[in-house]
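Chains as they are written, first to last, in the numbering used here: chain A, 1 to 577; chain B, 1 to 125.
Derived from the structure by calculation, the hints contain no laboratory data.
Errors might be hidden in some of the hints.
Said to hold, decoys possible - In silico DSS-like cross-links for lysine-lysine, where the CA-CA straight-line distance does not exceed 27 Å:
#1 K389(A) / K6(B)
#2 K440(A) / K89(B)
#3 K383(A) / K6(B)
#4 K68(B) / K440(A)
#5 K376(A) / K6(B)
Claimed, not checked - Covered stretches of chain B (chain A as the covering partner; in silico rule of three or more C-beta atoms under 8 Å from a C-beta of chain A):
#6 16-29
#7 56-65
#8 106-115
By construction, the Cβ of each residue, glycine as well, lies at the ideal position given by its N, Cα and C atoms.
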Amino acid sequence: MADKMKKWWDLCRQILERDEEKKEMPRRYRRLRRNIIFLMLAVTLIPLVIMAATNAMQYQKNIKAERIKPIRAIAGKAAHSFELFLEERLSAIHFIASSYSYEILSGQATLHRIFRILREEYGGYVDLGIINNDGTKVAYTGPYDLLNKNYSNQQWFNEARVRGVYISDVFMGYRDLPHIAMAVQNLNDQGESWILRATMDTKKFEDLISPMGMDPITDAFIVNSKGVLQSDSRNYGKVLDQFPMEIPSSDSGTHVRELTDPDGREIVMVYSRLIKYDFTLVMILPQANVFQPWHTLKQEMSYMFVASVIAIFLVILGSTHLLVKRIREADEKRVIAFRELEYTQKLSSIGRLAAGVAHEINNPLAIINEKAGLLKDLVDHDKHHDKEKLMRGVSQILQSVDRCRNITHRLLGFARRIGVQYEMLDINEVLRDTLGFLEKEAHHRNLNIEFKFDEQIPKISSDRGQLQQVILNMLTNAFAAVKDGGEIVLSTWEKDGQTVALAIRDNGHGMTEETMRQIFEPFFTTKKGYGTGLGLSITYGIIKKLGGEIKVDSKIDQGTTFTIFLPKTPPGEMENE
Amino acid sequence: MNDSIKVLLVDDEEEFVTTLAERLEMREFDPSIATSGDQALSMVQDKGFDLIVLDLMMPGIGGLEVMKQIKSVNPDMPIILLTGQGSTKEGMEGMNQGAFDFLMKPLDIEELISQIHEALGKTSA
Chain A
1 MADKMKKWWD
11 LCRQILERDE
21 EKKEMPRRYR
31 RLRRNIIFLM
41 LAVTLIPLVI
51 MAATNAMQYQ
61 KNIKAERIKP
71 IRAIAGKAAH
81 SFELFLEERL
91 SAIHFIASSY
101 SYEILSGQAT
111 LHRIFRILRE
121 EYGGYVDLGI
131 INNDGTKVAY
141 TGPYDLLNKN
151 YSNQQWFNEA
161 RVRGVYISDV
171 FMGYRDLPHI
181 AMAVQNLNDQ
191 GESWILRATM
201 DTKKFEDLIS
211 PMGMDPITDA
221 FIVNSKGVLQ
231 SDSRNYGKVL
241 DQFPMEIPSS
251 DSGTHVRELT
261 DPDGREIVMV
271 YSRLIKYDFT
281 LVMILPQANV
291 FQPWHTLKQE
301 MSYMFVASVI
311 AIFLVILGST
321 HLLVKRIREA
331 DEKRVIAFRE
341 LEYTQKLSSI
351 GRLAAGVAHE
361 INNPLAIINE
371 KAGLLKDLVD
381 HDKHHDKEKL
391 MRGVSQILQS
401 VDRCRNITHR
411 LLGFARRIGV
421 QYEMLDINEV
431 LRDTLGFLEK
441 EAHHRNLNIE
451 FKFDEQIPKI
461 SSDRGQLQQV
471 ILNMLTNAFA
481 AVKDGGEIVL
491 STWEKDGQTV
501 ALAIRDNGHG
511 MTEETMRQIF
521 EPFFTTKKGY
531 GTGLGLSITY
541 GIIKKLGGEI
551 KVDSKIDQGT
561 TFTIFLPKTP
571 PGEMENE
Chain B
1 MNDSIKVLLV
11 DDEEEFVTTL
21 AERLEMREFD
31 PSIATSGDQA
41 LSMVQDKGFD
51 LIVLDLMMPG
61 IGGLEVMKQI
71 KSVNPDMPII
81 LLTGQGSTKE
91 GMEGMNQGAF
101 DFLMKPLDIE
111 ELISQIHEAL
121 GKTSA
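The shape of chain A in the complex, shown without the other chains (with noise of 0.2 Å):
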């Protein structure tokens, strides 16, 4: 079962290391699946392998007792019938010795007529026969020749004086048969002990035990207290034959073991330990018999367990690889639509400089235009000889040139990058920079542009066209909320050892505490008609980028103040992207 789990946990590790080759999938995807992947596992696997177990252990159990139950009434049953018949066969011995006396029973013919009924009714004696108080055979009759032998020394004949009765184990008899002896002791006129011996076959036995023994997968036999056979066992040995396992000793009843026999079967053992004698009977059968319909249920219960645990496995692969591929295609889509969100806010923002920038161009180029248009006209009237003029009017073209080159310089330095590339930074000159783009728009509106520059600022590492383009979002903004006149603040300080600040104050018309929540919400916008309601989300996510965090404080009719703290570098600046 490990063995075939572990198989298909290869099989399946295989083909999502195959997958993950194939698609290169981030590392974080990957722990993310994984994680989803034991997670939901051990959430539907260990109440299933828990209720699996309490469920097969009770079926077990269950199951068991309900098919040794018979067993064991068989076996007891068995076990009383046999101490009946021993109880049977001594009591018949008993009675000849009680109802007859010494001298009658010692006379040769009355014991042999005595034997000749007691095979006829009962069957299975062998011989029989009488012992005095010294231990000599004074009467036999048999097929052996023991008339007069003398039995003091033996051990069967004093423990019978001793105890008053006697059953020896099982030996080899007459003709080779299995035979058991029986004695019983008795006291004559004058107070002498005598003795009544018989000998029976054990054929008998093997009645007793058939019942047990029925079905042909079942060995009942009869061992006594030293582990010796005293029945023919099926599997363990012929009568006499040392019983190869050693049975518990226990009190009367019936027991059940379930064990490994020497051969290695896998065995239940009943056995039944008689009460007045030393033997007991036993019966075994293979474990795989008895417990058959609990080996079948089990098997279809591990089929069907192996079953469910792939199912769930294979779900939750396909479901967890199915999700993180949505949650990766999801986020990869989110990454492409913030990349197109900011090249759009960056066009629009190129956009809303054309108008200013072609203004700010087409002056110079008119004022080029005009001189150079003077220049001809002066050639053409044949006054060029006026050099002072001619100089002015050159100067005047060169200084036009240099105006729109400082105009394009500043553009291209905006537009040239959108990816993030870290340069040596004085903020205060980006500011002042950028906001050169909005110069002529603050001229024409009278704005008062105030700087609270702190000159001695440290540079920092971060990305000008970035920086640019957030300031100048900033900057458009606070030109939108002041009136013609109003009143712009930038000033710039160093926050503390690691981190620089640029504030942009107006005093402009603020907004409400419910705006100044959400303005760094992508799509919200209060230039409705006009605005993407990107800008100040784009600048969010700049600056958060660059390492950096932006605060706002606004009051209505009061103004607002931007702040933008910024690292001296930025958090894995290598990681150029």
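Here the structure of chain A is known, so what remains is to put chain B in place on it, guided by the hints.
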């Protein structure tokens, strides 16, 4: 033939407006210069100009406002607007408010002259 035409040129770019005036003078116009809306308004009141060339984007009073005020006093005064913006939006707006035409900077002086003549109902020389 252009001698009699008194043109007021209004633009905050002084270099532009003086040079333009000089060139028009060479073409026998009688140009005057104003470098802000305020100055233009005060000059209009004093002298009788035949035509005004007016820049739209100026600090202080913008071109459209100046035109509105002139038109309120002298509705028949022909006004040609100048715009440095890439877009024609403001120019169109000016025409709607009574401007004769609008021209983009940088100017083609011949085009300006032909527009002046057209505005004054004279055929170009």
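Results of checking the hints against the structure:
For the proposed pair K389(A) and K6(B), the alpha carbon gap of about 25 Å is at most 27 Å, so the pair holds. As the CA atoms of K440(A) and K89(B) are separated by approximately 19 Å, the hinted pair is consistent with the 27 Å bound. Note on K383(A) and K6(B): the hinted pairing holds, with a Cα-Cα distance of about 24 Å set against a maximum of 27 Å. For the hint linking K68(B) to K440(A), the alpha-carbon distance of about 23 Å falls within 27 Å, and the restraint holds.
For a cut-off of 27 Å, the pair hint linking K376(A) to K6(B) stands: about 24 Å separates their Cα positions. Under the rule that three or more residues need a Cβ within less than 8 Å of chain A, the assignment of the region 16-29 of chain B holds, with 6 such residues. Coverage of the region 56-65 of chain B by chain A holds in this model, with 5 residues showing a Cβ closer than 8 Å to a Cβ of that chain against a need of three. For a cut-off of 8 Å, the count of residues in the region 106-115 of chain B with a CB near a CB of chain A stands at 3, and the three-residue condition holds.
The structure shown violates none of the earlier numbered hints.
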